[in-house]
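Starting from the known structure of chain R, fit chains X, G and A onto it as the hints suggest.
So the chains spell out like this:
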Amino acid sequence: MTVTALLFASYADVLQRESIEFTLPHGATVSDVVSRVRALPGGAMLPPTPLVAVNHEYARADVVLSSGDEVAIIPPVAGG
Amino acid sequence: MTVTALLFASYADVLQRESIEFTLPHGATVSDVVSRVRALPGGAMLPPTPLVAVNHEYARADVVLSSGDEVAIIPPVAGG
Amino acid sequence: MRTAIVDDVIDTAALLDEAQRDSNGAIVLFVGTVRDNNSGRLVTGIDYACYGAMAARELASICAEAAERFATVDIVVEHRIGHLTVGETSLAIAVGHARRATAYEASRYVIEQIKRRLPIWKREEYTDGTREWVDPTAVAVVGPES
Amino acid sequence: MRTAIVDDVIDTAALLDEAQRDSNGAIVLFVGTVRDNNSGRLVTGIDYACYGAMAARELASICAEAAERFATVDIVVEHRIGHLTVGETSLAIAVGHARRATAYEASRYVIEQIKRRLPIWKREEYTDGTREWVDPTAVAVVGPES
Chain R
1 MTVTALLFAS YADVLQRESI EFTLPHGATV SDVVSRVRAL PGGAMLPPTP
51 LVAVNHEYAR ADVVLSSGDE VAIIPPVAGG
Chain X
1001 MTVTALLFAS YADVLQRESI EFTLPHGATV SDVVSRVRAL PGGAMLPPTP
1051 LVAVNHEYAR ADVVLSSGDE VAIIPPVAGG
Chain G
2001 MRTAIVDDVI DTAALLDEAQ RDSNGAIVLF VGTVRDNNSG RLVTGIDYAC
2051 YGAMAARELA SICAEAAERF ATVDIVVEHR IGHLTVGETS LAIAVGHARR
2101 ATAYEASRYV IEQIKRRLPI WKREEYTDGT REWVDPTAVA VVGPES
Chain A
3001 MRTAIVDDVI DTAALLDEAQ RDSNGAIVLF VGTVRDNNSG RLVTGIDYAC
3051 YGAMAARELA SICAEAAERF ATVDIVVEHR IGHLTVGETS LAIAVGHARR
3101 ATAYEASRYV IEQIKRRLPI WKREEYTDGT REWVDPTAVA VVGPES
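Chains R, X, G and A, in that order, give the protein sequences.
If you use this note's numbering, the first sequence corresponds to residues 1 to 80, in order.
If you use this note's numbering, the second sequence corresponds to residues 1001 to 1080, in order.
If you use this note's numbering, the third sequence corresponds to residues 2001 to 2146, in order.
If you use this note's numbering, the fourth sequence corresponds to residues 3001 to 3146, in order.
Pulled out of the complex, with its shape left as it was, chain R reads as follows:
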């Protein structure tokens, strides 16, 4: 299956991209996506367990993904 990872702000700068498509085995979880991102050049700067949202909603690392899911890796937020 295919999922899209989204990167923002400092994460997008360091990894030099805003989205990445990954092909993953069925049963893959949020943490699998984080691991794949961390394996990319610059990915080591990600914290061990970054905030993640799946389809616009905060999600835990063990959430199992479905094909087409949008997995956003969220840097520390700074709204207001």
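For the record, the hints were derived by calculation from the structure and aren't laboratory data.
Note that this is a predicted model, so its numbers are computed, not measured.
Possibly wrong hints are sitting among the right ones.
[To be verified] What follows is a list of derived Cβ distance ranges for each label pair:
id	chain 1	residue 1	chain 2	residue 2	range
1	G	Glu-2068	R	Val-64	53 to 61 Å
2	R	Val-63	G	Gly-2087	46 to 54 Å
3	G	Gly-2052	R	Pro-76	48 to 56 Å
4	A	Ser-3039	G	Gly-2052	44 to 52 Å
5	X	Glu-1057	G	Ala-2138	39 to 47 Å
[Unchecked claim] Every beta carbon over 10 Å from chain A, so not counted as near; a handful from chain R, in silico:
id	residue
6	Thr-4
7	Leu-15
8	Phe-22
9	Leu-24
10	Arg-38
11	Ala-44
12	Thr-49
[Stated by the list, open to error] From the derived model, a few chain R residues whose C-beta atoms are all more than 12 Å from chain A:
id	residue
13	Met-1
14	Asp-32
15	Pro-41
16	Gly-42
17	His-56
18	Ala-61
19	Ser-66
Just so it is clear, CB atoms sit at the ideal spot from N, CA and C, and this is done for glycine as well.
Below, chains X, G and A without anything else, positioned relative to chain R:
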């Protein structure tokens, strides 16, 4: 000496006046003015120790007055 | 810092501007308005009366205390007196501060002190034509107090 | 109740009006502005970036929670994104309520949840020409946070 007592809101309504001049002996205090007001028709509705201000500043009942002082008897405030 | 007892419409936007400063990151504006009900009775308007000279002095004191306690000079307060109809603004408090938490605290301090100390009284007018001085120290029968 | 992520100037006066209701006696407006300094560095402007679809959803959730928790539907929030200069308004939260204490509490709830959950990021621009993403989880070197 002469002092002026001021009345406001419900107190002015009940006593049917907004200010009263009193001639008092030297050494008279805030509570003497309150007693004089309470002795007037309608004055019994004043609480035992109403809030009082002397010359625009809250003052205790035992404050000794000077001639010309403005003694305001303050109903429960309701600003805002 | 500026305080005033006014008898005309309060321009809340102007107060906001006045409390703004480039080194501030937060402004908290409190606006008090005339409610259409109180203690279960339907209100059509309120007459605000005040002890003018003392109210001006006391309001200035409250804001000077807040300025010192919360370390900001960006405090602007106007209290309106006279006859107000439902929905009109009787009070506006604008506080600017570098920190939002302190802006909220300073704002609360000013309104609570006003409610406790400012020599202003209100006479509510009801739909049945009667009117009555509000006594906040009396026990409320029904409904919240703003 | 209305929430929006906007890319144009926030009209705080309009938000105040929107949160007003004749049965309310209090409106608390929080305004967040771009400060000219942060952690001891001089700031000239801020770029606000956001995860648009999620930010809109999360902001609406925060306000729905506040509406239920504090029993008022009179909550209006706008967060601006894009490039803002010093003194400009990035965020406005207007809360109307019958009781002032609850209006303040609801306002605080909304701003604290925004600071914690809203997927918005800011890149500060400094007088020396450099710019940097703000990380509120990093230890502050100098100066308060708004």
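query: Which earlier hints turn out false for this structure, listed by number in ascending order?
result: Of the numbered hints given earlier, those the structure breaks are 5, 17, listed in rising order.
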